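Protein chains in written order, with my numbering: chain A, 1 to 287; chain B, 1 to 287.
Among the clues, some could well be false.
The list makes no distinction among identical chains, and a pair is therefore deemed to hold if it is satisfied within one copy or across any two copies.
[To be verified] In the EDC-like style, the derived pairs of lysine to aspartate or glutamate whose C-alpha atoms are separated by at most 16 Å in a straight line are: (1) K271 with E235; (2) K271 with D260; (3) K206 with D260; (4) K206 with D253; (5) K263 with D89; (6) K78 with D45; (7) K26 with E230.
Derived from the structure by calculation, the hints contain no laboratory data. None of the values given here were measured: they were computed from a predicted structure.
Number of protein chains: 2
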Amino acid sequence: MTKGFINYRRVLIVGLGMIGGSYAQKLTALGFEVGALARRQSTIDYALEHGFIAHGQTEVTREYVSQFDLVVFALYPKAFVDWIRQYQDFFQPGAVITDVTGVKRAVVPAVQGMLRPDVEFVPAHPMAGRERSGVEYADCRVFADANFIITPTERNSPEGIELVRTLGCILGFRHIAVLSIEAHDEMIGFLSQLTHCIAVVLMDCKDSEKLAEYTGDSFRDLTRIARINENMWTELFLDNRDELLSQMDLFLDKFAQLRDALKAGDEETMKEMMRLSTYRRSFFDKK
Amino acid sequence: MTKGFINYRRVLIVGLGMIGGSYAQKLTALGFEVGALARRQSTIDYALEHGFIAHGQTEVTREYVSQFDLVVFALYPKAFVDWIRQYQDFFQPGAVITDVTGVKRAVVPAVQGMLRPDVEFVPAHPMAGRERSGVEYADCRVFADANFIITPTERNSPEGIELVRTLGCILGFRHIAVLSIEAHDEMIGFLSQLTHCIAVVLMDCKDSEKLAEYTGDSFRDLTRIARINENMWTELFLDNRDELLSQMDLFLDKFAQLRDALKAGDEETMKEMMRLSTYRRSFFDKK
Numbered sequence: 001m002t003k004g005f006i007n008y009r010r011v012l013i014v015g016l017g018m019i020g021g022s023y024a025q026k027l028t029a030l031g032f033e034v035g036a037l038a039r040r041q042s043t044i045d046y047a048l049e050h051g052f053i054a055h056g057q058t059e060v061t062r063e064y065v066s067q068f069d070l071v072v073f074a075l076y077p078k079a080f081v082d083w084i085r086q087y088q089d090f091f092q093p094g095a096v097i098t099d100v101t102g103v104k105r106a107v108v109p110a111v112q113g114m115l116r117p118d119v120e121f122v123p124a125h126p127m128a129g130r131e132r133s134g135v136e137y138a139d140c141r142v143f144a145d146a147n148f149i150i151t152p153t154e155r156n157s158p159e160g161i162e163l164v165r166t167l168g169c170i171l172g173f174r175h176i177a178v179l180s181i182e183a184h185d186e187m188i189g190f191l192s193q194l195t196h197c198i199a200v201v202l203m204d205c206k207d208s209e210k211l212a213e214y215t216g217d218s219f220r221d222l223t224r225i226a227r228i229n230e231n232m233w234t235e236l237f238l239d240n241r242d243e244l245l246s247q248m249d250l251f252l253d254k255f256a257q258l259r260d261a262l263k264a265g266d267e268e269t270m271k272e273m274m275r276l277s278t279y280r281r282s283f284f285d286k287k
Numbered sequence: 001m002t003k004g005f006i007n008y009r010r011v012l013i014v015g016l017g018m019i020g021g022s023y024a025q026k027l028t029a030l031g032f033e034v035g036a037l038a039r040r041q042s043t044i045d046y047a048l049e050h051g052f053i054a055h056g057q058t059e060v061t062r063e064y065v066s067q068f069d070l071v072v073f074a075l076y077p078k079a080f081v082d083w084i085r086q087y088q089d090f091f092q093p094g095a096v097i098t099d100v101t102g103v104k105r106a107v108v109p110a111v112q113g114m115l116r117p118d119v120e121f122v123p124a125h126p127m128a129g130r131e132r133s134g135v136e137y138a139d140c141r142v143f144a145d146a147n148f149i150i151t152p153t154e155r156n157s158p159e160g161i162e163l164v165r166t167l168g169c170i171l172g173f174r175h176i177a178v179l180s181i182e183a184h185d186e187m188i189g190f191l192s193q194l195t196h197c198i199a200v201v202l203m204d205c206k207d208s209e210k211l212a213e214y215t216g217d218s219f220r221d222l223t224r225i226a227r228i229n230e231n232m233w234t235e236l237f238l239d240n241r242d243e244l245l246s247q248m249d250l251f252l253d254k255f256a257q258l259r260d261a262l263k264a265g266d267e268e269t270m271k272e273m274m275r276l277s278t279y280r281r282s283f284f285d286k287k
């Protein structure tokens, strides 16, 4: 179905936020003709002024969309599914689409299930979020430190997967991996969503403005991601609700174990938990 | 009782770990004559070779201890209290002692309660810990980013407090504050001990070695301090047990609130908690 990466020369970015803008910036720098659809003209103007895109518009038209053979969706999950439902008719035959969505079970079957048979959707998740949102925070250098996860299903072709793997590669991601949508959502529930929950909760515990002057690196590190886009993350959490609840409960179980050991003065359990965390954390420093 | 900072020229560091070694390094660089007591001769040798100290020994003798007019205790809490009980007779009359202990209610009344009336103990807590321990990780540059908390009691003299404030100042701490021992232990329970509990628990949740390749900055930031000296931290946690349990329960309450909102699909509560965390976290970025 696909025609070899070098023949995809016109790329459409739908949604010019921090991630969509960074894709546009990098792909333009690589010589692609990059177009964009955004809700606000000011976003298009910013991207044009900064040389991120060759052209763009706010209106979704058949004439514009049908010019592109590769389309990247950088929208929130629901907006992405709605867009496909409403406009998929505009794609050119043989187009390949991909996304950046941070949850997969809530999006991939829905989109693949309704998509035209002559268009292939290869789902991907660039794990390169930041605390800030909006095209003015676009910066493709963040990819160098980040992972790019492809989550294909049995509906995907080897050529489609390879095309998106190549996309992740030229965008400059440090590491590219392939996971099932289930394994992806479990992993994200633990590594990303649970950590954001913890940061939010820690920051909500007390009026810490007066504590700021005493704060060392520990509290600062654990709460960096407490500065959060509440609309996006609430949608992501709800779209992965069962997995996130499981991960929260796992964390609560282990937290109760440490709390009970402390309450009972059970030094050996406390030390054992710390030895385990120290051992496991050591694998992260080698990277 | 005290004789003015400039007249304290001989400083004894008891315990040459990461913090004690960093004190020694900086005070030597400032021109003080720094001596040390350590358990192992290899520690003394390392500190001598690196020019951190002028001399040192492993045996606690009256002849050695009585030479110093300022003594800094960089020991674990229990070891500090035991040292005072066993050797306080060796101090010279009018000596001032201070410490670096991370818990205060478990240490300060015990030491001040038994101390000779002609010696003053001014408690302090340099909040400059690192994941590594031992004199080979001593590096006084860490003070530049750290807070120095003095926790005097009604037994302390204004001159003694001022002396230790000056000590924190010349060591190069970014910020010097004065707190009661109760306020200190509450603050530490929340900002430092609770965050270490969270990091340890998060790392203990699952065998994450295979997750390391997917790990973004969030998980990495939240678990940096999961690499932990289990003997020191278990002692610190137990010495602050009531406060730490309160802080853990506060965190658990708020965590349950977010979990229940997620389970119920209560978007408004979720967003409200995220807006609050975002607002509060913003004060930390200004520093």
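Do the hints match the structure? See the list:
| no. | hint | result |
| --- | --- | --- |
| 1 | K271 with E235 | between (38 Å within a copy, 10 Å between copies) |
| 2 | K271 with D260 | within (13 Å within a copy, 31 Å between copies) |
| 3 | K206 with D260 | neither (23 Å within a copy, 19 Å between copies) |
| 4 | K206 with D253 | between (23 Å within a copy, 12 Å between copies) |
| 5 | K263 with D89 | neither (62 Å within a copy, 36 Å between copies) |
| 6 | K78 with D45 | neither (25 Å within a copy, 65 Å between copies) |
| 7 | K26 with E230 | neither (27 Å within a copy, 45 Å between copies) |
Comparing the model with each numbered hint stated earlier shows that hints 3, 5, 6 and 7 do not hold.
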